[in-house]
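Student: Chains as they are written, first to last, in the numbering used here: chain S, 186 to 581; chain W, 258 to 652.
FYI, nobody ran anything at the bench for these hints, they're computed from the structure.
Simulated coverage check for chain W against chain S, where a stretch passes if three residues somewhere in it have a Cβ under 8 Å from a Cβ of chain S:
| id | stretch |
| --- | --- |
| 1 | 528–542 |
| 2 | 545–554 |
| 3 | 557–571 |
| 4 | 638–652 |
Calculated lysine-lysine pairs in the DSBU-like style (CA-CA distance at most 35 Å, straight line):
| id | chain 1 | residue 1 | chain 2 | residue 2 |
| --- | --- | --- | --- | --- |
| 5 | S | K428 | W | K528 |
| 6 | S | K301 | S | K572 |
| 7 | S | K554 | W | K528 |
| 8 | S | K371 | W | K528 |
| 9 | W | K528 | S | K572 |
| 10 | W | K576 | S | K272 |
This one's a predicted model, so the numbers in the text were calculated from it and none came from an experiment.
Glycine included, each C-beta is placed from N, C-alpha and C at the ideal position.
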Amino acid sequence: MSASPLEVFRSETRTWLAANCPPAMRTPLNEKEVVWGGRDPVFPNDDARLWLERMGERGWTAPSWPRAYGGGGLSPAENAVLQEELKRIDARVPLWSFGLWMFGPVLLEFGSEPQKLAWLPDIVRGRIRWCQGYSEPGAGSDLAGLATRCEDRGDHFLVNGQKIWTSYADKADWMFCLVRTDTTAKHGGISFIVFDMRTPGVETRPIKLISGDSPFCETFLTDVRVPKEQLVGRLNGGWEIAKRLLTHERQSISTSAFGGSRLDLAAAAKESVGLVCGQLADSDLRSRIAACRMQERAFHLTVRRAQAEARVGGNIDHLAPLFKYAAASLNQQRLELLVESLGLGGLGWEGEGFDADALRATRHWLRSKGNSIEGGTSEINLNVVAKRVLGLPDPV
Amino acid sequence: MTRPLTEDQRLLQDSAREFFAERAPVSALRAERDAGRPHDPQLWREIAELGFVGAAVPEEHGGSGMGWRALGIVLEAAGRTLVASPLTQTGLVGVAAVRALGNEAQRARLLPLLAAGTVTTALAFDEGAHHAPTGIAMRAVREGDGWRLDGRKRFVPDGATASHILVTALAAPAPGAAETLALFVVDAAAPGVARRPLAMADSRGMADIELTGVRVTDDMRLSGRTDLGSTMTDAGAAGLERVLDIARIGLAAEMLGAADALFTLTLAYLKDRRQFGQPIGAFQALQHRAARMFVDLELTRSCVTAALDALDDAEGGDKAAAAATAQIPALASLAKARAGDTLHLVSNEAVQLHGGIGMTDAFDAGLYLKRARVLETLYGSAGWHRDRSARLEGY
Chain S
186 MSASPLEVFR SETRTWLAAN CPPAMRTPLN EKEVVWGGRD PVFPNDDARL
236 WLERMGERGW TAPSWPRAYG GGGLSPAENA VLQEELKRID ARVPLWSFGL
286 WMFGPVLLEF GSEPQKLAWL PDIVRGRIRW CQGYSEPGAG SDLAGLATRC
336 EDRGDHFLVN GQKIWTSYAD KADWMFCLVR TDTTAKHGGI SFIVFDMRTP
386 GVETRPIKLI SGDSPFCETF LTDVRVPKEQ LVGRLNGGWE IAKRLLTHER
436 QSISTSAFGG SRLDLAAAAK ESVGLVCGQL ADSDLRSRIA ACRMQERAFH
486 LTVRRAQAEA RVGGNIDHLA PLFKYAAASL NQQRLELLVE SLGLGGLGWE
536 GEGFDADALR ATRHWLRSKG NSIEGGTSEI NLNVVAKRVL GLPDPV
Chain W
258 MTRPLTEDQR LLQDSAREFF AERAPVSALR AERDAGRPHD PQLWREIAEL
308 GFVGAAVPEE HGGSGMGWRA LGIVLEAAGR TLVASPLTQT GLVGVAAVRA
358 LGNEAQRARL LPLLAAGTVT TALAFDEGAH HAPTGIAMRA VREGDGWRLD
408 GRKRFVPDGA TASHILVTAL AAPAPGAAET LALFVVDAAA PGVARRPLAM
458 ADSRGMADIE LTGVRVTDDM RLSGRTDLGS TMTDAGAAGL ERVLDIARIG
508 LAAEMLGAAD ALFTLTLAYL KDRRQFGQPI GAFQALQHRA ARMFVDLELT
558 RSCVTAALDA LDDAEGGDKA AAAATAQIPA LASLAKARAG DTLHLVSNEA
608 VQLHGGIGMT DAFDAGLYLK RARVLETLYG SAGWHRDRSA RLEGY
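Isolated chain W, as found in the complex (with noise of 0.2 Å):
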């Protein structure tokens, strides 16, 4: 666990960076939205060919084979621009639910589509506006040799614009028998899949999506794997918890760039901005507060790679892999946790010290706050991770 960058590493943490402050620095990302446009087309097929998607993607599959650490470094760039792609929900989220659920054929037909992103995925999890595994209702009925999925999720993150949607449900293998949760892939242009696009404060597009009768072959139910140990009760939840908890670990390391390009921004205006006859960062009451910014940011991007590293260790069949297996949980939480609570530091700190240009739409602080707040609520807030951690600790 937190291992020192490869060369390779290095490599990709440079080219990613890179290719994301040239092609889609933050001015793209408010271009989109003032076009009204989720995201830019032409820039999500060159993501895919650069390999950033299919990072976490085994080479038999399609995809580059470099690890979740690496995904977690495309990530952060991603996030240090805000890039507005399918890349955190097809590359990361998709990709683990079909590494973490799908069986062997599955994961043979779907993961060379994600990672060329011709297919993009969308979680459909929540049905509310918190996040809550143990709160879902979406059913899932044995209908032949399919299923017919009926209920509704809401805030699902790409909603409108996926071309297949992800979505968990209580599904009973027979009738009578125990409902487990399942995931089944769904096609967004399917027969009953009514979508709301939800324009929401990050500009970022999330969807309502309401199923009624929608029929899914038993083959895109992902199904594979039940062996990855949980601290949930069922095997279905233990999968889910899985991808869950990678989801969380790669929101981490977008939040993580996210800060540090905020705090990058924000400590070049103390140097710049000058009052009273001297740059503001002269003054000891801001170096203290942007100091605490940069110890945060620090223990932060620990946390982030030791939960990425962890997720590499746990591939292998070794006892170390099982070690590593058993810390995940603990360390998503930790690493969402801290992410969130540094994000949203660094995102007020960023406005406070930029003065009255930091309540511009002009200036980019608010589109990082803006921002900050969803990556901080999506798949548990640092409070529901706190509890977590409690919990998994056994108090």
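Bound-form chain S, shown alone (with noise of 0.2 Å):
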């Protein structure tokens, strides 16, 4: 009997992988040693180069995209494998990319054959790093309040206004960029551009959150030319494009799970709060420790029911929105717990006297404030479920 042609790809793939991925590529990914790409990218040794370089040739840092850009043109079944056979070595995830995540997948719906093949093989290879120009400090929740002019000068557009929570903005090579091309109509006068961030009067400025990480920042566009042919899509045709955009980010989001903290919970409490009888001396906060544990295996059961029902054709579209407010609150709860596990402990900012862990759990802590704000407030993400899944109608 001879093998069916997935199972040549599996065995293909793990001969393949057995090669290609360095032993220090299968061990657990810490923060700092995640791989953003770029022009200049920074990389924590030269396995990390390598992984990428060899992963990105085989197009299989976006297996599911067509060959033709770059991508590893892999079906729905081959990519289940090649992500399987990843998971069976450990296998580090070779580049983390908004291009990846978000914006490749739009390009691919919504861009022309040129931008495709002028933007999306660099994607794959990481060679280019995108950053997200959607919020303005008068558009959070109301996404399409924002105000950012791009005029019609003929031969290009000039685009003025600002940008907030531009993740890694100072990092970025490119941005794409919700922009305002109609001010008589909300919805109906937003366009989608993407543009050079070496472009003159493109301006950046970290922004210093609570927990001392600056991983978002300010964009100034001041008289920045964009060359026309750098329009997605149809003018004032921008909105269908951001809203496809943020399923990807929110998905994103919850999927890859919000950074946590190394320290598994019940064991951090085990050893700052003690056990009496083989129990948790805090009553209290063990019973709310195991709630939270229930509630984030139920959250994995979902996703992995979800999951299933994908792969067999089902229809999901009423779980995405709740993945992403679930698992914001889940991260929140579980960090709460944490730090208050740890005691004063858990309130160490840096220094000696602290446990490295327990530092970082401070501030992942904080950090966690924000996953309920972020990709869609929580309270967005709530109307979302009403709206579109309940179908409530709105008020009058």
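From the two separate chains plus the hints, produce the assembled complex.
Tutor: Right, dumping it as structure tokens:
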């Protein structure tokens, strides 16, 4: 009996990974070692560079994208096999990228042929790092209220305005950006453009958060000239693309899970609070930890249920908006409990006298406050569930 | 775990929902309650004829052999309309007890009777108002070639109507030997069995049962299997824990059905009821409450599905079966606790969101609320199962 094509693919994949995934890339990833690519990429070591090069060459950083644009051209079944084989050897994700997770998928759907050929291969290879110009000081949850002006100047567009909460804008090479091209229509006056961050008039300024980190920036756009072929989709047709991209964003946020601490909640509580007769000494904390862990398990079972349904062609649209909402509140709950479990040891800021994991827990806890705000607030996500899933009406 | 429904299971779901919606809507429960009857015997015959009772009974023993997930689908459908019938205590608990604890002869004799609905069972486990697996005082003493049972069970579901009572008791195999937990099948009509029916808020039959010198032959002691793996200490308790876990998972399916149906009813009301010149469902304060219930229901559905699938996966003798078996206690507690919390939330919100009508006896929300609390409490409240989950994880 001859092996099925999928079995052949699995065995070839296994062989290739065995030969090409460096041993150092089969260890757990810590946040300092994430590879984001770009024009001036930073690699924690040569193996990380090699791993990205090899995976990018095969298009396996974007396994399901067409080969014509540098992708892997894999079928859903082949992609599932690839993911299984990567997981089997604990292979690191070779490239983290807003291009892969957000911009690429909508470009495939809405972009012109020359645009796809120009931008997608560099995303696959990790050669250009993209950032997302969505929110503005006056347009957060009401994103469609954005005011960054984009004027038609004959042979180019001229862009003036300000973006905020632009993740890693100071490190990005290009931006995909929502701009206003018509002031007489709200949703129908938005366009989707892209431009090089080196264009004169683009200026970024990092924003320091309560956690002490600065993952977000303010981006100022002053008389930025954008070539007309860098409009994606049609003029004033950007809102549809924007919404589709948000769906991709919310999915990638919830399935990749928010950055968490390496500390296991139950283990940390056991060590810090102590056991009496085999039970956590603080019985109130104990029951809240149990509730949180059970909720986490319920969430993971739901992700797996959705994946299983999707594999057999089931419709899981009704589940998508709940993932981001549930993942955000769970991560916040878990980190609150972790900090509480560590007592004052969980509230150290820096320096000596603290466990390194506990110091990280403090920062993660503070950072997690953003989970229910970024990528659509929890309130907006509940609106989406209420209106699109449950069919509840808009107010008069 | 958490597999999508197969074609057969989807058909079963459709036919079960359709049957219960037509033949046993909530109004049927109301009618039985007003007539002072715990359930309708004719309905029970029809449920058995459709093969629902024997869903988890293997084909060689007169069942349909569709498995625990299939039975869970039927229980969920029954939960949607609060069907009053011996289905849970017989098709779920009785079948679980005989399959998990009966020897081959007992399985061959009893399972066909359960699947046909001719024998109905009631598990008499707890002896107080709270679920307490370690609090059993009922005693079984060796007498001749049989046993003599003495003690008292409280709040036995279907206890007033079942033809047979499944009694847990501490039994010493020989005088002076250490006692272990055992399960006896006791004919409810046997001399020495005294049943006091309890009128519970949910209008479903429960009973206190007193056994005084009740004689049971040894072949009515379920004693077949002791290989189930357990977090309890002795072999009899291990089997019983499996029976309880199956009962908890099945109950969670029934609770999910009740919560889902009540949520659907409430959602329809939010779209229909108008105040301030618009449907009240247009108000964001109410939209978010509805959305939170939906999220809760979906998470619970995943837990119930995973737990039912684990019961089926545990049936084989392979490595995967062993892995699934090890997961059963945690998944049972997860499913029961989550279904309890979800039903608690939805039953309270349903009354509140319906306003004054939610408080009236003529409206169904109250029937769901009362049934909800009984189901939440039976075989361990959400708090009890959180405590168990923590114990299972060693903290």
